[in-house]
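Asker: Generate the whole structure from the sequences, applying the supplied hints.
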Amino acid sequence: MGRRADSTDGNISNYLKVAVINAEHTQLQDMEEDVGMEEREMDSEDNEEEDMGEENVDDEEDDSSEDEKENEAEIQRLEEQLSINAFDYNCHVDLIKLLKQEGELFSLRKARQRMSELFPLTEEIWLDWLKDEIHLSEEEPNREKLYELFERAVKDYICPDIWLEYAQYSIGGMGLPGGIDKVRSIFERAVTAVGLHMTKGQMVWEAYREFENAIFSTLQLERIHTLFRRQLAIPLMDMDATYAEFEAWSEQGVSDTIKHHYKKALQQMEKCKPFEESLLAAEPPKMAEYQNYIDFELKEGDPARIQIIFERTLAENCLVPDMWAKYNTYLDRQLKIKDLVVSTHDRAVRNCPWTMGLWKSYLLALERHGADHQTISDVFEKALSAGFIQATDYVEIWQAYLDYLRRRVDFSKESSKELEELRGAFARSLDYMKQDVEERFGESGDPSCIIMQIWAKIEALHCKNMQKARELWDTIMTKGNAKYANMWMEYYNLERSYGDSAHCRKALHRAVQCTSDYPEHVCEVLLTFERVEGSLEDWDLAVQKTETRLSRVNEQRVAVKEANMARQEEDRAEQRRRAKSDKKAQKKMGKDVHAGEKRKAQQDYEDNWNNGTEQASKRHRGDEDQTIEEQMETETGLLGKNAPPGFKKPQQGASAAPPKQGDDKPELRSDDNSVFISNLAYTLEEPEAKLRTMFEPCGPISQIRPVFSTKGTFKGYCYIQFESVVSVSEALKLDRQEMENRPMFVSPCVDKNKNPDFKVFKYNTSIEKQKIFISGLPFSCTKKQLEEVCSSYGTIRDVRLVTYRSGKPKGLAYVEFAEETHASQAVLKMDGTVIDGNTISVAISNPPRRNMDKPGSGRPLDPIPRQVYGARGKGRTQLSMVPRSLHRQNLPANNVENGTSAAASASTSATAETKSLSNSDFARMLLNK
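The working numbering puts the first residue of the sequence shown at 15, with every later residue one more than the last.
No wet-lab data here; the hints were simulated from the structure.
Treat the hints with care, since some could be wrong.
Here are the simulated SDA-like pairs of lysine to any residue, each with C-alpha atoms no more than 20 Å apart in a straight line [said to hold, decoys possible]:
1. K396 with R442
2. K704 with G821
3. K278 with P288
Just so you know, these numbers come straight off a predicted model, no measurement behind them.
Answerer: Written out as structure tokens, the structure reads:
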């Protein structure tokens with residue numbers, strides 16, 4: 015006969031045995047449960063009476079009543095919110111939790127039913143619902159309804175636990191007619207659906223065998239043997255234990271065929287084992303690991319295994335539209351099984367309803383598999399109410415539906431129901447774009463009127479109705495498209511193919527008058543047309559019109575060019591006037607307030623001039639020192655702007671002699687031990703002390719070098735050098751930490767001279783579907799107020815108010831939600847609302863890419879020839895190194911500037927021409943007072 019091994023799962027075995035016994039003795043079990051229920055209730059009441067003190071009875075009742083009132087109020091609030099927005103996923107979940115706490119089972123059933131109609135439910139929600147329904151069915155037995163509920167549950171996701179619960183529940187109905195066949199049917203479907211699950215499929219196989227063992231008879235021996243044989247042919251984790259159990263169970267031993275299939279499956283399992291281990295070690299969402307697993311299975315080419323790995327991936331990443339799209343594409347092109355393909359497309363749009371591409375592929379799949387017209391129309395209507403985030407999405411979904419309706423029409427008939435429905439759909443789409451899309455997004459989404467163009471082509475090609483096509487093109491041109499040459503060429507080609515010469519000529523004449531982007535092109539087309547088909551009078555008229563039009567266009571272009579040049583000249587003049595006035599104001603302020611600082615700056619400049627001229631003479635002698643040369647450029651330019659992190663400003667009175675041992679020389683700079691801090695507030699006081707306090711926990715600090723301008727103001731960035739390289743990694747973790755309500759950027763310290771292409775851009779420049787961009791905020795709006803406004807739409811991860819460098823708000827903000835659906839709902843509900851009298855605009859965050867080729871962007875422009883001013887090029891400060899006295903030799907005798915007369919200047923110049931001057935002489939002439 016056969017015997018069972020003791021290594022099977024004890025929990026599964028005991029559960030199934032008890033289930034079979036209970037099925038045979040249902041009435042006795044019900045009686046025992048009723049008695050046990052009463053005893054437990056009595057014991058519970060006795061214990062409560064013993065533990066409860068008489069003094070606390072009233073207080074506990076009051077607390078309980080207050081909690082109940084709060085829960086009731088919260089339930090009512092959630093119900094109202096769902097009546098406004100039925101697609102709020104988190105609101106459904108919160109309502110179900112509250113109703114379960116309150117024990118409102120019938121209201122709970124209604125809430126779960128409502129949620130399941132809109133969204134697929136997770137494995138946890140389904141198991142809770144099924145267990146509650148099983149408990150309720152004990153009082154009102156209705157197995158068919160529960161079977162229907164189980165059928166809905168197993169369709170949402172591939173969940174082995176739900177299939178196991180389904181099979182176990184069906185065992186309780188074995189006593190009914192056909193009960194055993196029903197259980198076997200469910201188990202067969204379970205092993206088909208999840209039997210290939212590498213980690214959990216074994217539970218279903220073992221449960222199936224335990225069921226057969228529980229009703230064991232001579233006739234069942236072959237069934238158990240078949241189950242073992244089928245399981246051993248599938249690669250599963252711990253399949254060696256199953257093989258050992260089969261060897262112990264079978265008295266006749268293991269056949270060579272089974273051994274062959276087992277070894278083959280074992281080899282396949284060894285190939286898959288690294289992927290399973292990587293999934294166990296990875297943190298959610300494990301997308302990279304799952305993608306590698308999918309790529310491996312696609313190469314292997316087993317459709318059943320490819321399907322199960324896709325299902326496992328989507329069970330953990332159900333809100334990833336790209337993964338649903340890949341799965342749908344595979345099913346559409348490879349399996350092509352109607353029930354499987356259609357159900358998967360349906361699950362995809364229920365999980366990611368905001369993704370237009372999934373709805374579009376769903377409509378195509380329904381048409382491909384012969385779904386009825388009403389079903390396809392219902393799916394399209396659901397797509398329109400899904401809440402897409404772009405206006406163009408609505409245009410594409412309408413195009414997909416109109417394409418489907420066009421394929422239904424038999425154009426050999428002059429009139430048909432399908433043709434009228436198509437025309438009605440075209441008219442409805444135009445109204446929808448105007449009334450719904452434009453009001454919501456502020457744009458049509460179809461500026462080129464693609465839908466109307468398609469309609470016109472259908473009327474002209476299939477219906478031979480050029481009058482309707484011309485009416486549509488007249489509407490297209492009145493929507494701002496008459497200035498584009500390509501639109502007129504589309505209309506002309508339509509008339510050329512299906513119209514007549516008179517209307518072609520009329521269209522081209524209108525194009526010549528209206529086109530503003532490429533008028534030369536339409537003029538050439540008109541002349542070519544008249545050469546082929548026109549009379550002499552037509553040719554003369556065309557030449558006259560084209561010449562007149564092109565002359566007018568050229569005049570307009572010249573006028574625009576001159577206006578632009580004049581405006582640019584005015585802007586440059588205004589900039590010069592502003593720079594001159596600023597310079598005068600700074601000079602006056604420097605004389606009145608900062609006389610001492612000015613003198614110090616002049617002394618520093620003199621020292622650097624002496625140092626620079628000496629280095630210049632060294633270069634003429636062929637002894638070039640690159641390090642000192644870089645210092646001179648830094649000091650003669652904008653002090654501190656290009657200074658290396660190891661460079662210090664010279665102190666007052668410092669000489670130009672080479673640095674002594676122990677000075678902070680540029681050579682002591684260490685990029686490996688340093689970080690670069692930027693985006694600090696310009697108004698930050700005592701930056702060195704504050705940064706030291708923040709970064710000391712990262713490790714011992716060697717020095718902190720804040721960068722200041724020539725006026726002594728902080729420039730918003732600095733360098734921090736640590737004693738150890740290990741401290742740098744800890745410091746980089748402080749990136750984006752706020753300092754005085756402004757996020758600071760912590761970046762690796764990189765020498766731009768050695769790495770000119772190194773960039774660290776802190777903000778994303780691609781679309782961020784979980785983040786919204788808000789503009790038009792009042793300047794008084796705070797971060798806390800904005801969090802309160804947005805928190806009702808979902809969980810908020812971060813709120814960032816955009817400010818100027820001075821710290822003043824710009825009225826802009828970014829709000830990041832935990833999920834994309836929350837951001838979509840926030841856009842729908844918040845766009846156009848009023849906050850403190852300001853109407854705000856809300857959209858999904860899609861920052862424009864920064865044009866790195868513009869001047870001042872930090873990236874060099876295309877190389878162009880430039881004038882060479884010597885070995886080092888032109889000085890950054892644009893200062894002439896020749897003393898003013900050498901430039902002003904023809905001044906009047908009475909003109910005195912800086913205490914030096916023109917005669918003295920001329921005398922000095924003459925002396926300079928006859929006698930060579932030293933570097934000190936040039937410096938004294940430059941700084942002579």
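Asker: If a hint holds in the structure, say so; if it does not, say that too.
Answerer: Verification of the hints:
no. : hint           : result
1   : K396 with R442 : holds, 16 Å
2   : K704 with G821 : holds, 18 Å
3   : K278 with P288 : holds, 17 Å
The structure shown violates none of the earlier numbered hints.
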